[in-house]
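Engineer: Our numbering numbers the first residue of the sequence shown as 350 and each following residue consecutively.
These are computed hints drawn from the structure, not numbers from a lab.
For glycine and all other residues, C-beta sits at the position ideal for the given N, C-alpha and C.
Hints are supplied without guarantee of correctness; some may be wrong.
Straight-line alpha carbon distances no greater than 25 Å define the calculated DSS-like cross-link-like pairs of lysine-lysine that follow [said to hold, decoys possible]:
| # | residue 1 | residue 2 |
| --- | --- | --- |
| 1 | Lys483 | Lys383 |
| 2 | Lys483 | Lys506 |
| 3 | Lys483 | Lys426 |
Restraint ranges, calculated between C-beta atoms of paired labels, are given here [what the hints assert, rightly or not]:
| # | residue 1 | residue 2 | range |
| --- | --- | --- | --- |
| 4 | Trp385 | Glu465 | 20 to 26 Å |
| 5 | Trp385 | Ser476 | 51 to 57 Å |
| 6 | Ser424 | Glu479 | 32 to 38 Å |
| 7 | Val528 | Leu384 | 25 to 31 Å |
| 8 | Ser442 | Ser488 | 23 to 29 Å |
| 9 | Ile529 | Pro382 | 33 to 39 Å |
| 10 | Ser488 | Lys438 | 18 to 24 Å |
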Amino acid sequence: MGSEMCIRDSPWIMDILQLAVTPAEKYYKGNQPKLWFFWDFAKNPEMWVGFEQVVHIKMVDDSKKLRRDYNLFSSTKISRDFRRAAWEKANVSHVQPDQITLLISAEGGDVYNAAEILEVLHTSVDSINELNLKVRPYSPSLGVPFSSLMKTMARTKILVCRHGSLLSNSIFLPPDSVVIELLPVSYTHLRAHETSLHLV
350 MGSEMCIRDS
360 PWIMDILQLA
370 VTPAEKYYKG
380 NQPKLWFFWD
390 FAKNPEMWVG
400 FEQVVHIKMV
410 DDSKKLRRDY
420 NLFSSTKISR
430 DFRRAAWEKA
440 NVSHVQPDQI
450 TLLISAEGGD
460 VYNAAEILEV
470 LHTSVDSINE
480 LNLKVRPYSP
490 SLGVPFSSLM
500 KTMARTKILV
510 CRHGSLLSNS
520 IFLPPDSVVI
530 ELLPVSYTHL
540 RAHETSLHLV
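Take these sequences, add in the hints, and give me the full structure.
Structural biologist: Below is the structure:
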């Protein structure tokens, strides 16, 4: 139920999923595959029979996971095409990237010294005039419009983000962007709620 509400309250999740299955249209005679969720089947208990027939789950051995062609984004072209499709869906034009974005979880707690990091970023930009970049903290909530997320990524020249799932948004950055990943001090030894994050 939690996942259902999360997806329904986050329209951009559906946008991403629709983009992800779009390439499969060629296998369905031009028709986009339908995305099925728990609530689709919960409306009619008899549908669970169909669910068992159409879904095939199998374990994947580690050796196959290491193969480059097993990864969804196994080539630069695939990644670029996905980014282009996302930008087009969000009606984003190819603007000149002009900002350093500090990407922070809307729930908070992932970057405890965000103010300190922002100060370092502002100081760095001020000391290098030719960068001509502005610093912007960005905390996308679950309900953020897809277009807002894409426009922010498209304008980002340097993305600063804590190690974690938010970094997946870097796939939507323009070419020649820079990603700075934040890691806690003694990352492998301290629990997340005991750490303060620093630039590395």
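Engineer: For each hint, tell me whether it holds in the structure or not.
Structural biologist: Quick rundown of the hints versus the structure:
1. At roughly 41 Å between alpha-carbon atoms, lysine 483 and lysine 383 are farther apart than 25 Å, so this suggested pair is violated.
2. Between lysine 483 and lysine 506 the CA atoms are separated by roughly 10 Å; this keeps the pair inside 25 Å, and the hint holds.
3. A threshold of 25 Å between alpha carbons decides the hint, and for lysine 483 with lysine 426 the separation of about 30 Å lies outside it, so the pair is violated.
4. Taking 20 to 26 Å as the suggested C-beta distance range, the pair tryptophan 385 and glutamate 465 does not conform, at roughly 45 Å.
5. Judged by the Cβ atoms, the range 51 to 57 Å given for tryptophan 385 and serine 476 holds: they are separated by roughly 53 Å.
6. Between serine 424 and glutamate 479 the beta carbons are some 34 Å apart, a value that agrees with the proposed interval 32 to 38 Å.
7. Between valine 528 and leucine 384, the C-beta spacing of about 29 Å keeps the proposed range 25 to 31 Å intact.
8. Between serine 442 and serine 488 the CB atoms are about 24 Å apart, so this pair conforms to the stated range of 23 to 29 Å.
9. The supplied range of 33 to 39 Å is met by isoleucine 529 and proline 382, whose beta-carbon atoms lie about 37 Å from each other.
10. In this structure the hint that serine 488 and lysine 438 lie 18 to 24 Å apart at CB holds, the actual value being about 22 Å.
Hint compliance for this structure: hints 1, 3, 4 are not met, and every other hint is.
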